[in-house]
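Using the sequences provided together with the hints, build the complete structure.
Residue numbers (my numbering), protein chains in the order written: chain C, 1 to 334; chain S, 1 to 334.
Treat the hints loosely; a few may be bogus.
Pairs involving identical chains hold if they fit within one copy or between any two copies, as the list cannot separate such chains.
[To be verified] Here are the simulated lysine-lysine pairs, DSS-like style, with alpha carbons at most 30 Å apart: (1) LYS134 to LYS211; (2) LYS253 to LYS211; (3) LYS253 to LYS134; (4) LYS253 to LYS321; (5) LYS90 to LYS211.
Just so you know, these hints were derived from the structure itself, not from any lab.
This structure is a prediction, so every number in the text was calculated from the model and none was measured.
Spelled out, the chains give:
Protein chains: 2
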Amino acid sequence: MRVILDAMGGDEAPRVTVAGAVEAARGGLAVLLVGREAEVRAELARHPGAASLPLELLAAPEVIEMGEHPAQAVRQKREASINVAMRALKEGRGEALYSAGNSGAVMAAALFGLGRLEGVHRPAIGAVLPLLEKRCLLVDIGANADCEPQDLVQFAQMGAAYMAAVYGIARPRVGLISNGEEATKGNALVQATFPLLEQSGLDFAGNIEGKDLTRGAVDVAVCDGFTGNVMLKLGEGLQELMVALLRRTLSEKLHYRLAGAVLRPGLRAALQRLDYTEYGGAPLVGVRGAVFIGHGRSNARAIASGLRAAAAAAQAGVVEKLASGLRATLAGAT
Amino acid sequence: MRVILDAMGGDEAPRVTVAGAVEAARGGLAVLLVGREAEVRAELARHPGAASLPLELLAAPEVIEMGEHPAQAVRQKREASINVAMRALKEGRGEALYSAGNSGAVMAAALFGLGRLEGVHRPAIGAVLPLLEKRCLLVDIGANADCEPQDLVQFAQMGAAYMAAVYGIARPRVGLISNGEEATKGNALVQATFPLLEQSGLDFAGNIEGKDLTRGAVDVAVCDGFTGNVMLKLGEGLQELMVALLRRTLSEKLHYRLAGAVLRPGLRAALQRLDYTEYGGAPLVGVRGAVFIGHGRSNARAIASGLRAAAAAAQAGVVEKLASGLRATLAGAT
Numbered sequence: 001m002r003v004i005l006d007a008m009g010g011d012e013a014p015r016v017t018v019a020g021a022v023e024a025a026r027g028g029l030a031v032l033l034v035g036r037e038a039e040v041r042a043e044l045a046r047h048p049g050a051a052s053l054p055l056e057l058l059a060a061p062e063v064i065e066m067g068e069h070p071a072q073a074v075r076q077k078r079e080a081s082i083n084v085a086m087r088a089l090k091e092g093r094g095e096a097l098y099s100a101g102n103s104g105a106v107m108a109a110a111l112f113g114l115g116r117l118e119g120v121h122r123p124a125i126g127a128v129l130p131l132l133e134k135r136c137l138l139v140d141i142g143a144n145a146d147c148e149p150q151d152l153v154q155f156a157q158m159g160a161a162y163m164a165a166v167y168g169i170a171r172p173r174v175g176l177i178s179n180g181e182e183a184t185k186g187n188a189l190v191q192a193t194f195p196l197l198e199q200s201g202l203d204f205a206g207n208i209e210g211k212d213l214t215r216g217a218v219d220v221a222v223c224d225g226f227t228g229n230v231m232l233k234l235g236e237g238l239q240e241l242m243v244a245l246l247r248r249t250l251s252e253k254l255h256y257r258l259a260g261a262v263l264r265p266g267l268r269a270a271l272q273r274l275d276y277t278e279y280g281g282a283p284l285v286g287v288r289g290a291v292f293i294g295h296g297r298s299n300a301r302a303i304a305s306g307l308r309a310a311a312a313a314a315q316a317g318v319v320e321k322l323a324s325g326l327r328a329t330l331a332g333a334t
Numbered sequence: 001m002r003v004i005l006d007a008m009g010g011d012e013a014p015r016v017t018v019a020g021a022v023e024a025a026r027g028g029l030a031v032l033l034v035g036r037e038a039e040v041r042a043e044l045a046r047h048p049g050a051a052s053l054p055l056e057l058l059a060a061p062e063v064i065e066m067g068e069h070p071a072q073a074v075r076q077k078r079e080a081s082i083n084v085a086m087r088a089l090k091e092g093r094g095e096a097l098y099s100a101g102n103s104g105a106v107m108a109a110a111l112f113g114l115g116r117l118e119g120v121h122r123p124a125i126g127a128v129l130p131l132l133e134k135r136c137l138l139v140d141i142g143a144n145a146d147c148e149p150q151d152l153v154q155f156a157q158m159g160a161a162y163m164a165a166v167y168g169i170a171r172p173r174v175g176l177i178s179n180g181e182e183a184t185k186g187n188a189l190v191q192a193t194f195p196l197l198e199q200s201g202l203d204f205a206g207n208i209e210g211k212d213l214t215r216g217a218v219d220v221a222v223c224d225g226f227t228g229n230v231m232l233k234l235g236e237g238l239q240e241l242m243v244a245l246l247r248r249t250l251s252e253k254l255h256y257r258l259a260g261a262v263l264r265p266g267l268r269a270a271l272q273r274l275d276y277t278e279y280g281g282a283p284l285v286g287v288r289g290a291v292f293i294g295h296g297r298s299n300a301r302a303i304a305s306g307l308r309a310a311a312a313a314a315q316a317g318v319v320e321k322l323a324s325g326l327r328a329t330l331a332g333a334t
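So, in structure tokens, the structure goes:
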């Protein structure tokens, strides 16, 4: 098992990506780093003993920056790290690919370099949210800002196949994100999607709200990529806000400060527990390969977790199972 | 100053609404309770000394339930508490109205009973979010699931006028909720709205994400009612999840339990601080009256806070200022 890492992807690449790869490799995972050779080597040199770890380097002279137009950049910069990494995945030089770079570019490079699974109209990005007792895949979190009802149905099918393949959930329960639980709620897109999901053969829980999501009512929560992205970013913002509020509370009084010092390790662990980049990562579903997208602000630990999650999903045969799950669903639906 | 309360609105009405009215009245606020006379009187009788408080009762024999079709129910049940309350507001029997009932019905009853402010196409529901250092009005949080770009521009104008009137912010900064900060991001609606907001004469901050919102980057955050409702419900769910996680952490070890006991009052205050129903409430903007909507699950304290917020907004002359603000904006835009 080897994971291909876009070493140039992310706000602080390649410093953070290399540090993450070293951390994962120290745990025994083989990583193929793709990026500008001199820069990656210089970063590797900063980690004592890196030379003896299962790390290899594949040179890619170009880089796609966060601000670039994804599809254009992917077409023009053929030797960009994400394109070279995608080709390496296609050639079997690794079993999964992880990038914390421009997510639109990862998507475009995957479409361009790997292609879609049979029957897939639009691939989507999922995020495995770590909840209290279980995990939930939220899909789409940003690949498709405007969707048709059929797109949401396919996200549901792919999401269910993903949760079955990676987490062994025999019949994943699927919810449709809406502005109320009643069947009549929703914007035009959701209202048109609802009956299609009822007839899809999936275990459809109906419309769900954010609190159903966080309570673990479903295994897969479906929405358009605009809504999913807004939700994910709001979650990050609220977590930040709560930490700030907690910090302020703990500094209010001397006895709070003392109690806070006692609790610090527990609180830190609890917050990490909620960080989706640390658990399961964000799979790109619907393409012919196991591709995972990390947050641009990922730190070394998040990169290492992402690499491990990618390896675990590939180990579970996620792409083959997703493809066969989709074939079964498509056959059943007709 | 007197606030009209829909005593039958909310999951546990009239028990909780009456308790909230009693709490507000004990603080000196006059409240006109509208609802089924016998039920409201029976609830009032449970509060010792209620008879000497500034509370009055206006009988309304019918009730609109949470599950009913809003517009239909409002038309058919002319004597429903929300309709009777709206008429009382129009007749000047109180300066503001608060209801924790079916929010679609409150909206319909307001349109029907009060009408729109001049130039307003679609009224919207805002929520004043309590952040760390400031407040931010998120609008629309559910009145209009599908919107046109012009609707979002008007939500921005009304939101800015509201924050100017109630919180004295001379030139409120307005952000457009999107799936990324770059000007090119957004779904079709957001992309079409962006240039209109740029030309609106408002202090437009461009596209914002959830974390900009929670960091207090803007005074008004604009989105369609589907997105806003999903955001609000997700916020509730995440807060619930974090409390559960905190509770679990605090029970893990004996010394955590002890430290947790020390911190409990501070933590409770911090969480209350984030509850938007406790601070500022949710104004219905764009109608000819000061109407506030509460959460169906509001407890007595939240009802009391909502009544006080409604009174404060009416005291600030919110409807007149919103009307004149809109007139100025509309004049400036042409």
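Evaluated hints:
1. LYS134 to LYS211: Answer is both: 14 Å inside a copy and 25 Å across each meet the 30 Å cutoff.
2. LYS253 to LYS211: between (33 Å within a copy, 28 Å between copies)
3. LYS253 to LYS134: Only across copies: LYS253 and LYS134 sit 23 Å apart there, 36 Å inside one copy, limit 30 Å.
4. LYS253 to LYS321: neither (55 Å within a copy, 42 Å between copies)
5. LYS90 to LYS211: Neither way: LYS90 and LYS211 sit 40 Å apart in one copy and 36 Å across, limit 30 Å.
Of the numbered hints stated above, those contradicted by the structure are hints 4 and 5, listed in ascending order.
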